[in-house]
Amino acid sequence: MPKVGTYRANSVIYFQGDLGDKIFVLQRGRVTLNYNDIETGKLIREIIQTGEFFGVKSALGRYPREENAVVLEDANVLAFTVPEFEAFSMSNTRIIIKMLKVFSNQLRHIHKQVENLMENPSAVNAETGLFKTGEYYLRSRMYSQARYVFGRYLTYYPAGRLAEQAGRYLETAEAALARYGDGKGPAPLAVAQSASAQAGSSDAASTAPQATAKPQEGAGLSDVAKDYYNAVSLFSQEKYQEAMKILKVILETGSESEYVGKAQFDMGRCLFALGQWDLAIKHFTGIVQSAPKHPDMSDILYIMGQSWEKKGDKARAKAFFAKVLSMPGDDDSSARIKAKKALGALGGA
Amino acid sequence: MADLAGFSRFARTYQAGEIIFSEYEPGDSFYLIQAGRVRITKIVGDIEKNIDILSAPEIFGEMAILEGAPRSATAIAVETVKVLEFNRANFEILMMGNPQIALRLLKVFTKRIYDQKRRFMILTLDDPQAKIADVFLMLDETQGAQNQGEELGDKRDFKVTVDDVAHWAGMNTAEVQTLLSHFSNQRRIELYSDHIVVKNINDFIRFVNSKRKK
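In order, the protein sequences belong to chains A and B.
Residue numbers are given in our numbering: position 290 of the first sequence equals residue 308, and the series is strictly consecutive.
Residue numbers are given in our numbering: position 85 of the second sequence equals residue 262, and the series is strictly consecutive.
Accuracy of the hints is not assured; some may be wrong.
[Said to hold, decoys possible] Some chain B residues judged to face chain A by a derived CB distance under 7 Å, without partners named:
hint : residue
1    : Arg-189
2    : Gln-192
3    : Ile-196
4    : Glu-200
5    : Tyr-201
6    : Leu-243
7    : Ala-279
8    : Arg-281
9    : Lys-284
10   : Phe-286
11   : Gln-293
12   : Lys-294
13   : Leu-302
14   : Val-337
[Stated by the list, open to error] Derived pair list, reagent style DSBU-like, types lysine-lysine, alpha-carbon separation capped at 30 Å:
hint : chain 1 : residue 1 : chain 2 : residue 2
15   : A       : Lys-202   : B       : Lys-219
16   : B       : Lys-288   : A       : Lys-21
17   : A       : Lys-21    : B       : Lys-336
18   : B       : Lys-288   : A       : Lys-60
19   : B       : Lys-294   : A       : Lys-116
20   : A       : Lys-150   : B       : Lys-332
21   : B       : Lys-226   : A       : Lys-116
22   : B       : Lys-332   : A       : Lys-119
23   : B       : Lys-226   : A       : Lys-202
24   : A       : Lys-119   : B       : Lys-336
25   : A       : Lys-328   : A       : Lys-266
[As the list claims (entries may be wrong)] Taking beta-carbon pairs under 10 Å as the criterion, some of the chain B residues facing chain A (in silico):
hint : residue
26   : Pro-247
27   : Arg-248
28   : Met-272
29   : Met-298
30   : Ala-307
In case anyone wonders, no lab produced these hints; they're calculated from the structure.
The beta-carbon is built from N, C-alpha and C at its ideal position, and this holds for glycine as well.
With these hints in hand, go ahead and build the complete structure from the sequences.
Written out as C-alpha cells, the structure reads:
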C-alpha cells in the first residue's frame with residue numbers, strides 16, 4: 019500500500035541527482051519542481067497541482083532525479099513504489115493514457131531540440147540513407163530485403179535524385195531473387211559499384227534527371243505523393259496554413275484520385291484545427307455530397323459533429339455523432355469510439 | 178496477457194527475413210509483438226549491426242510518435258512474426274483496454290526521453306573532445322547495470338566503434354577518429370576495431386564537468 023508522507027514547508031522531498039524508486043502524488047499543500055532548462059540554463063519552477071503525480075519518469079526509468087522537489091507549504095504526499103504504481107495503473111488506465119500523452123509531447127519536444135543541434139555534415143539525409151540501405155542488402159545478396167527497400171525508395175522519392183538507379187536495382191534484385199534465391203548467385207553490386215557514392219562526387223548526379231520520366235508510375239503521380247506526405251508532415255507540426263497551400267495544389271492538379279481524396283480530407287482537418295468551424299463544415303459537406311463512399315467518411319462525420327459542437331449546436335453535433343455510429347464497418351474504429359464518447363458527453367443518443 | 182481479441186484488424190504477419198520497416202523510411206506506425214522474434218538492425222559503414230532482438234510482448238517503432246521522422250533502424254522478422262500495427266491516431270484505443278501495454282509504452286517513453294535529453298547534453302558541449310568523452314559517460318550510465326561484474330575499477334570496456342561514437346556525438350567519423358587517436362596517444366583509451374576501452378572513467382567525468390558551462 020502506498021504510504022502518506024508529511025513534509026514541512028521548505029523541506030525537500032528529493033534532490034536532483036538522487037536515485038529513488040518512489041512515485042509521488044500531491045494530496046495537500048504546495049510543492050514545486052525546480053530545475054534548469056537544458057537549453058537555456060534558466061531556472062524553471064514547476065508547480066505541482068493537488069492530485070498530480072511527480073517523480074514518475076526517473077522512478078520508472080531508474081535514472082537519477084532531474085529536479086529538486088521542494089515543499090512550499092506543509093504537504094501530504096502519497097508515495098508509491100514502482101510495483102505499487104504498476105498495480106495501481108492496472109485499474110486506472112486513464113491516468114496512464116494521460117501520462118502517455120504528456121510524455122509523448124515531451125519526447126517530441128526534446129527530439130526537436132536534439133534535431134536542431136544535429137545540423138551537421140555527417141547527418142545522412144533520409145533519402146540517401148534509404149538508398150544506401152538498399153545497396154547494402156543488394157550487395158549482401160539479400161534480394162528480398164533489397165527489393166523492399168528500393169520499392170520504398172521509389173514510393174517516397176519517385177522523382178528522387180537516385181530514382182532511376184533505384185528502379186534498376188529493384189529490377190536486379192527481383193531478377194536475382196527469381197533466378198538464384200536469397201543469398202545465392204553472383205554478387206550483383208560488386209560490378210555495379212555504389213551509385214550513391216558516385217552521385218555525391220562525380221557527374222552521376224547530373225545524369226540522374228533523365229530518370230524522372232522513367233519510373234513506371236509516372237512523374238506526375240510521384241510528385242503528388244511527395245507533396246501529400248509533405249503536407250501531412252506540416253500538419254503534424256501544426257503548420258496548418260502551409261499544409262493547406264500544398265493540399266490546395268494537390269486538389270487543383272487532381273492527377274491522382276487516391277491522393278486527391280486524402281488531400282480533401284486533410285484540408286478539412288486543417289480548417290478544423292484552425293478553428294474555422296463553418297468552413298470545415300462547408301468543406302466536409304462538399305465531400306459527403308460528391309464522394310459519399312470516401313474511405314474516411316466516419317472521421318469526416320465525426321469532425322463535422324465536433325465542428326457543430328464547437329459552434330454550440332448540440333443537436334446537430336449529436337446527429338452527426340449518431341451518424342458515425344450508424345456507419346457500416348468495424349465496431350472499434352477510432353471514429354466510432356470517439357463518437358460514442360462525444361455522444362455520451364452530450365447527454366446520450 | 179492482455180485481451181487483444183478485438184484488435185484483429187490491426188494484426189499483420191511477416192515471414193522470416195521480411196522487413197517490417199527500413200532504416201530511413203518515414204514511419205507512422207508502431208508495433209506490438211504477439212509472436213515470433215524481430216531483429217532490430219542498423220547499417221553502419223559496411224556492416225549490418227544487430228541492435229536488439231525483441232519478442233512478445235515488446236513494443237518497437239514507437240518513435241513513430243514523432244510523425245514524419247525517418248526510422249532510425251530496420252526491423253526484420255527473424256521467423257514468422259505476428260504483430261499488431263498502430264499509429265498515433267489509434268493507439269489510444271488499444272491502450273484504453275490494455276493497461277499493461279500502456280504501462281509498457283510509458284516505460285519505453287521514459288527511457289527515450291532520458292536518452293534524448295542525455296544526447297542533448299552531449300551536443301551542447303562546445304569542446305569536441307568533451308563531446309566524445311561525454312558519449313562514453315552516457316554509455317557508462319546506460320550500460321552500467323548490464324556490465325556489472327565485468328568492471329575493473331575505473332576501467333570500462335565499451336562495445337562501440339568509431340562510427341557509433343561519431344553518431345552519438347553528432348560529429349563526422351574522420352574528426353572523431355582523429356580525436357580518439359589523440360586520446361589513445363595520451364593513453365586515456367585503447368582503440369580496437371569493435372570495442373573501445375576507457376582506462377579511467379573518472380578522468381573523463383572530471384574532464385567533461387570542467388568543460389560544461391554552468
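Results of checking the hints against the structure:
no., hint, verdict
1, Arg-189, "14 Å, violated"
2, Gln-192, "9 Å, violated"
3, Ile-196, "4 Å, holds"
4, Glu-200, "5 Å, holds"
5, Tyr-201, "4 Å, holds"
6, Leu-243, "5 Å, holds"
7, Ala-279, "4 Å, holds"
8, Arg-281, "10 Å, violated"
9, Lys-284, "5 Å, holds"
10, Phe-286, "4 Å, holds"
11, Gln-293, "4 Å, holds"
12, Lys-294, "6 Å, holds"
13, Leu-302, "10 Å, violated"
14, Val-337, "16 Å, violated"
15, A:Lys-202 - B:Lys-219, "22 Å, holds"
16, B:Lys-288 - A:Lys-21, "26 Å, holds"
17, A:Lys-21 - B:Lys-336, "42 Å, violated"
18, B:Lys-288 - A:Lys-60, "24 Å, holds"
19, B:Lys-294 - A:Lys-116, "21 Å, holds"
20, A:Lys-150 - B:Lys-332, "37 Å, violated"
21, B:Lys-226 - A:Lys-116, "36 Å, violated"
22, B:Lys-332 - A:Lys-119, "40 Å, violated"
23, B:Lys-226 - A:Lys-202, "21 Å, holds"
24, A:Lys-119 - B:Lys-336, "34 Å, violated"
25, A:Lys-328 - A:Lys-266, "25 Å, holds"
26, Pro-247, "4 Å, holds"
27, Arg-248, "9 Å, holds"
28, Met-272, "5 Å, holds"
29, Met-298, "7 Å, holds"
30, Ala-307, "15 Å, violated"
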